[in-house]
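Peer 1: Residues per chain, in single letters:
There are 2 protein chains.
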Amino acid sequence: MKLTILGCYSATPRSITNPTSQVLEINNQMFLIDCGEGTQVQLRKHKIKFSKINQIFISHLHGDHCYGLVGLVSTFMLLNRLNDLHIYGPKGIKEMILLQLRLSNSYTGYGLYFHELTSTESEVIFENDKVRVRTIPLKHRVYTNGFLFEEKPGARKLNMDAVLNHEIETCYYQKIKDGADMLLENGTVIPNHILTFDPAPVQSYAFCSDTLYDESIVPLIHGADVLYHESTFLEQDKSKTAHTMHSTAIEAATIAQKAHVKTLVLGHYSTRYANLNAFKEEAETVFDTVELAEDGKVFNFNK
Amino acid sequence: MKLTILGCYSATPRSITNPTSQVLEINNQMFLIDCGEGTQVQLRKHKIKFSKINQIFISHLHGDHCYGLVGLVSTFMLLNRLNDLHIYGPKGIKEMILLQLRLSNSYTGYGLYFHELTSTESEVIFENDKVRVRTIPLKHRVYTNGFLFEEKPGARKLNMDAVLNHEIETCYYQKIKDGADMLLENGTVIPNHILTFDPAPVQSYAFCSDTLYDESIVPLIHGADVLYHESTFLEQDKSKTAHTMHSTAIEAATIAQKAHVKTLVLGHYSTRYANLNAFKEEAETVFDTVELAEDGKVFNFNK
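Here the protein sequences come in this chain order: A and B. The letter at position 20 of the first sequence is residue 20 when you use our numbering, and the numbering goes up by one with no holes. The letter at position 1 of the second sequence is residue 1001 when you use our numbering, and the numbering goes up by one with no holes.
Chain A with its partners taken away, still in its complex shape:
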């Protein structure tokens, strides 16, 4: 599982900091999460092939999470993209993008599909044979969802010693990998667990930005391999969290600790802070495995 941070700062883009956007590669599938202004340039900088992006997930409609979307959609069009593009985000996102395309008399030559979200309960919004994505309802000033990306287990692996020992023919291998027991010609049933090993462990990634501290998400993200949780503020500015509906680094770490995730990645820093190390230090008073998102940073999370 690989996470590329294109931008991880809150509010206004600057020459040295980018608003939220990241690319998750999980089980050989690539997903773009949020799309602040300048995301298409960040994608180019990090040599991420535009053609690999077929699903975009937008957490909410604040500008620092979505103002780069229409430009990316337009650029795909100018580059004569053919693949369908699916956009998942709050109700209104379709009108926002289509109005701008209509005003510029521009229409995509590729299929552009909007999946507008309105539910305040967690729901599965994307699923294929490799990955499942469900929403994580968050508490922010506008309707906001985080997203939980879960790798699906692959097929079971053949225990070739056992398979050869029972002289099983190759035409049965796929059924066994799919989990079937084996009925031998002599009537003996060999249970599947004798003939196979467990598939490689699966990984999961929970993206939670932007949100007030909210323990109700803990069961949803429980045991996630990686939790990205916003930490807009340091403890000294905790008083600002209620009004802005953001979190501190310690609050992010508390969610990570309660949810028993393996790794916490902090981000969405207010641009008022010159030094990010304080975020890590404060979070580590509550939770051990803390990483700092930084624009351009690539995380490889091993199984």
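The hints are simulated quantities; they were obtained by calculation from the structure and are not laboratory data. Only a predicted model underlies this, so the values are computations on that prediction, with no experimental measurement involved.
Residues from chain A shown here face chain B by an in silico Cβ test under 10 Å; the list is partial:
hint: 1; residue: Gly-38
hint: 2; residue: Gln-40
hint: 3; residue: Gly-68
hint: 4; residue: Leu-101
hint: 5; residue: Arg-141
Just so it is clear, CB atoms sit at the ideal spot from N, CA and C, and this is done for glycine as well.
Please arrange chain B on chain A, whose structure you already have, making use of the hints.
Peer 2: Quick look at chain B alone, frame taken from chain A:
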């Protein structure tokens, strides 16, 4: 008169090229012209004070000329701007920006005024005591205007030798600077031109992007000090101009030559060309004083 090129490339923004945006400083007034994605970051890079921008002129609603506008409007809001902001652009621009602000539940604390344009005839759209701005109707795939910025003449300058010679009291100076003749106590009338010099010469700037070659703009921009005219293509790709409704460098130079402008600035280059010098070389076969816009370049045009 000072022109700062924030971006001068067509179509898609890249890490090394920015879409159209420029800042014109004329007669101590600052105007932002077009606002492609990333303009706010370019403004910061070039240390242009956000508070000095009170008027923004948008030529048309193609993304490479306006997708940075909503981000800039939002950033002004986040920075607690108080001054009014006036936006001049095609009908639809108000809906485009306000829809996005509404969806993000964001409202500016400053006055945000839209001046939507629909006329296909040239019209004065802004005027104060220092500068007048009129539209230059262009021929493009969507409704598009260029803009002619004309400095207004200042007051006449006192010829102090003549003024003292006629023993004129200081209380009459302002009237004389405003152009009045002087009636002396002995009944003699001293004509104004004896008592004053002409004011400093005025300058003008014509911005023409994007457009098909169109001689009908020549009378409007006649004698302009500086003409910025798009040159999306080199001669080798002239066949693309009709369909895309863009111009070549030679066509831009032909307009400059017919309009007897002093300086031609080329820009809006297609990103297909690696070398900009060919634009200058081709234009110079028709017109002498050719400059190349480049992202970040600052032109100072003396009177």
